[in-house]
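Enquirer: Here is what each chain is made of, one letter per residue.
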Amino acid sequence: MLNQPDRSVATLAEDEDGVAIRVTVNGVDHERTVSPRLLLSDFLRHELRLTGTHVGCEHGVCGCCTIRLDGETARSCLTLAVQADGAEIHTVESLGKEDALGPVQQAFKECHGLQCGYCTPGFLMVVTDYLEKNPEPDLSEDGIRLALSGNLCRCTGYQNIVAAVRRAHELMHAG
Amino acid sequence: MKPPRFEYVAAKSIEEAIEARSSFDDTVILAGGQSLIPTLNYRIAQPDAVVDIGRIPGLDTITVQDGAVRVGAMVRHRQLELSEEAFAANPLLREALGNVAHIPIRNRGTVCGSLAHADAAAELPAVLLCLDGSVTAHGPAGPREVPASGLFLFHMTTTLNPDEIITAATFPALPDGAGYAFEEFTRRHGDYAVAGICVVVTLGADGRCASAAISACGIAERPVRLPEVEAALVGTDLSDTAVRAAAAHADGAITNEDDGTGGRYRRQVARTLISRAVAKARQRAG
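From first to last, the protein sequence lines stand for chains S and F.
My numbering applies: residue 1 is where the first sequence begins, and numbers increase by one.
My numbering applies: residue 1 is where the second sequence begins, and numbers increase by one.
Please keep in mind that the hints were generated in silico from the structure rather than gathered at the bench.
Careful, some of the hints might be misleading.
What the hints assert, rightly or not - Computed, partial: chain F to chain S, Cβ under 10 Å:
no., residue
1, Tyr8
2, Tyr42
3, Asn107
What the hints assert, rightly or not - Here are the in silico distance ranges between beta carbons for each label pair:
no., chain 1, residue 1, chain 2, residue 2, range
4, F, Asp176, S, Leu101, 50 to 58 Å
5, S, Arg22, F, Thr63, 28 to 36 Å
6, S, Arg154, F, Thr261, 26 to 34 Å
7, F, Leu82, S, Glu110, 30 to 38 Å
8, F, Gly177, S, Arg145, 33 to 41 Å
9, F, Arg188, S, Gly27, 35 to 43 Å
10, S, Arg154, F, Arg208, 46 to 54 Å
11, F, Leu82, S, Ala174, 28 to 36 Å
Remember, predicted model here, so these are calculated numbers, not experimental data.
Each residue gets a CB set at the ideal place from its N, CA and C atoms; glycine is no exception.
Looking at chain S on its own, in the form it has when it is part of the complex (with noise of 0.2 Å):
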């Protein structure tokens, strides 16, 4: 059931044309055709059924549905689907599994970086690209506060979060 597509936003109107696209997510390919006026976030979560990257407030405020688009990390809410064609996406899904957590999902357990854990796909996203990107990432406070501006969290205080980044960074560069 799970894996069935939910076509409830992304269903085409008997009168509407539908626009044929190819991505890859997280390594696999798909080909669907929809409705050019379907959201990226609606497509990967209806469509695809990759549920994992949230959906908040849906004008690019809180960050929740940030994945990477192409190597750049993207508000898949700000981005229909149709401008995806072609495209690389990753999601929180590539991150890690359950029982093989990726560093930055381990240390944002180890630290406590989430309470109710809405907005933490698009957190992960972005420490994840903030950690790859800046081979020596600025851990001061400040610095990882401007890093995280653009994602809103309502639970923590963030600084946890903060931690959490500061944690991954000693993670990812271990051993």
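Start from chain S and add chain F according to the hints.
Expert: Structure of chain F alone, referenced to chain S:
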């Protein structure tokens, strides 16, 4: 919070995009979508057709030549921010771009899209205005160059015709020895500014201010130059006292009074930002 239905046109050339603009009543151009898609999600915009220019080849290049940085319509904020060539010609661009939203937004949003959107509080329109830059607007009759001084009409409104498309923006390089700064104040990092100030100054042989260009965003119904402040700075030694006196001339330009104090607060913020920005520009000049 889902976009309304629209016809989708993935244009393969500028000509095709212009034609699409003419064949529907109400069209919008989709480049990066970072301002357009929220307005579609909110259904503030309900266009007949969305014309996607993201597949048109050749629009994603930055060229630095003839003393200017030319930015194609699909160049993303982040691409310009990180361009070493653009930085060498005009470091003001990187400084201003660092204030535009957040990295994930800058990765997608385009420079020309921001100029076309013309939000009165956005940074890039003020930068284009400060530098006396221009945009290339393509319409059915071909391209024309529109100077920044004749582009911004009102909040989210430009002088361009509905069938025109901005295909490039030209930001002049800084003159040799010029000092520059972009300073803004936001309630939270990445938000639209309460006020933003863009400054370019040059010094004469006597160390006094030979020229000053100052623009502002967030203070009026469109980005504006502050000619009274500029005039008051020229000829001075740009000392803190001189700058503070000149900054007071910005008061009259501040018509955006939605700050809860009838504009008093914003006037204070603008004066302070002018002082900071000019001080920074003065240090960098020479």
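Enquirer: Please go over all the hints and tell whether each is borne out by the structure.
Expert: Going down the list of hints, with the structure as the test:
no.: 1; hint: Tyr8; in the structure: 3 Å, holds
no.: 2; hint: Tyr42; in the structure: 7 Å, holds
no.: 3; hint: Asn107; in the structure: 4 Å, holds
no.: 4; hint: F:Asp176 x S:Leu101: 50 to 58 Å; in the structure: 54 Å, holds
no.: 5; hint: S:Arg22 x F:Thr63: 28 to 36 Å; in the structure: 32 Å, holds
no.: 6; hint: S:Arg154 x F:Thr261: 26 to 34 Å; in the structure: 29 Å, holds
no.: 7; hint: F:Leu82 x S:Glu110: 30 to 38 Å; in the structure: 33 Å, holds
no.: 8; hint: F:Gly177 x S:Arg145: 33 to 41 Å; in the structure: 36 Å, holds
no.: 9; hint: F:Arg188 x S:Gly27: 35 to 43 Å; in the structure: 36 Å, holds
no.: 10; hint: S:Arg154 x F:Arg208: 46 to 54 Å; in the structure: 52 Å, holds
no.: 11; hint: F:Leu82 x S:Ala174: 28 to 36 Å; in the structure: 29 Å, holds
Going down the numbered hints, you'll see the structure goes against none, and every one checks out.
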